[in-house]
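*Asks:* Sequence:
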Amino acid sequence: QPVPLVQENKTIRVSDHVYAIPDGRVNLVPNIGIIVGTRATLIVDAGMGPRNGQAVLRELAKISKNAELYFTTTHFHPEHMTGGQAFPANTIVIRPEVQQEEVDRKQPEFIHNFSQRTPEMKALLQDVKPRAPDIVFDREAKLDLGGVTVRLLWFGPAHTRGDSFIFVEEDGVLFTGDVVIDRFFPIFPDADASGKNWLAILDHLDELQAHMIVPGHGEVGDATLIGIERTYLKAVQSRSVELKAQGKSADETAKLLSAEFRAKYPDWDNPGWVADAVKRFYAESK
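The sequence shown runs contiguously to residue 379 in the working numbering.
It is worth saying that the hints were derived from the structure and are not from the lab. Among the hints, erroneous ones may be present.
Distance condition first, Cα-Cα at most 35 Å in a straight line; then the derived DSBU-like pairs of lysine-lysine [as the list claims (entries may be wrong)]: (1) 158 to 103; (2) 348 to 289; (3) 327 to 357; (4) 372 to 341; (5) 327 to 337; (6) 372 to 199; (7) 199 to 379; (8) 215 to 155.
Note that the structure is predicted; figures quoted are calculated from it, not measured.
I would like the entire structure built from these sequences, with the hints used as guidance.
*Replies:* Below, the structure is given as structure tokens:
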């Protein structure tokens, strides 16, 4: 895999107030958002470690001169959060209370595990420590950046327990984190992920009537990305329930459906994650 570095000089304008630094379809690089108002700027996700955070700041400087800076994260995984360590000390960090609980409970272990993968990732995460938030919220917070209102939303567990969504009201742009991704198989990283609630959250996202979706990974698209994700997850759910009813074990079901969905979605990346999705829905079915 390529070294997970944030791309510079590739930033795109998504709408009047919203910019995105594309992930380049590199694993462990998220799409990063920059939302600019007349008074303040919000950064959404930051890449892995201070080196990537510094790249984000260089891109930010080309777009906004606002002194007031907010930073939020779609979930606690190191490639989305730890770049924030490079941001100025006066940056206001805001995230859901549940997400912060995951930072406290899980992120040190994730940072350690990621650091063991390659020497390059170890260097990116060297001496990284989770940055404490300035503001935590329960289910929703609103930011007025000056001429643009941003809603930060939490609907419950999906990819992680603390997944949050960032909706730019005036522009109709929605940042989904890894709950909606474009031509990547969705990831169920551990026991806190929830297939059933993931599907319910997709319904909540539909209700926002977003015009544009900035997924956690993959290309920026329109609202049809939500439906594509739903179609896949519902198919995994129904097939897992069907094979379980036939007496197949979880491992047998995962093996059979991994082959089935790899064939059905040949242009999607990271097919190794199909098995985890199958096992999660298998476990959730009665």
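*Asks:* Against this structure, judge whether each hint is valid.
*Replies:* Checked hints:
1. Taken as a hint, the residue 158 and residue 103 pair is honoured in the structure, with Cα atoms around 19 Å apart against an allowance of 35 Å.
2. Of the supplied pair hints, the one linking residue 348 and residue 289 holds, its CA atoms being roughly 21 Å apart against a limit of 35 Å.
3. Restraint check for residue 327 and residue 357: the C-alpha separation of about 14 Å stays at or below 35 Å, so the hint holds.
4. As the CA atoms of residue 372 and residue 341 are separated by approximately 12 Å, the hinted pair is consistent with the 35 Å bound.
5. With a C-alpha separation of about 15 Å, the suggested pairing of residue 327 with residue 337 holds against the 35 Å cut-off.
6. Taking the CA atoms of residue 372 and residue 199, the gap is near 22 Å; set against the 35 Å cutoff, the hint holds.
7. The hinted pair formed by residue 199 and residue 379 meets the criterion: a straight-line CA distance of about 29 Å does not exceed 35 Å.
8. Pair hint residue 215 plus residue 155 holds up; C-alpha atoms about 29 Å apart against a cutoff of 35 Å.
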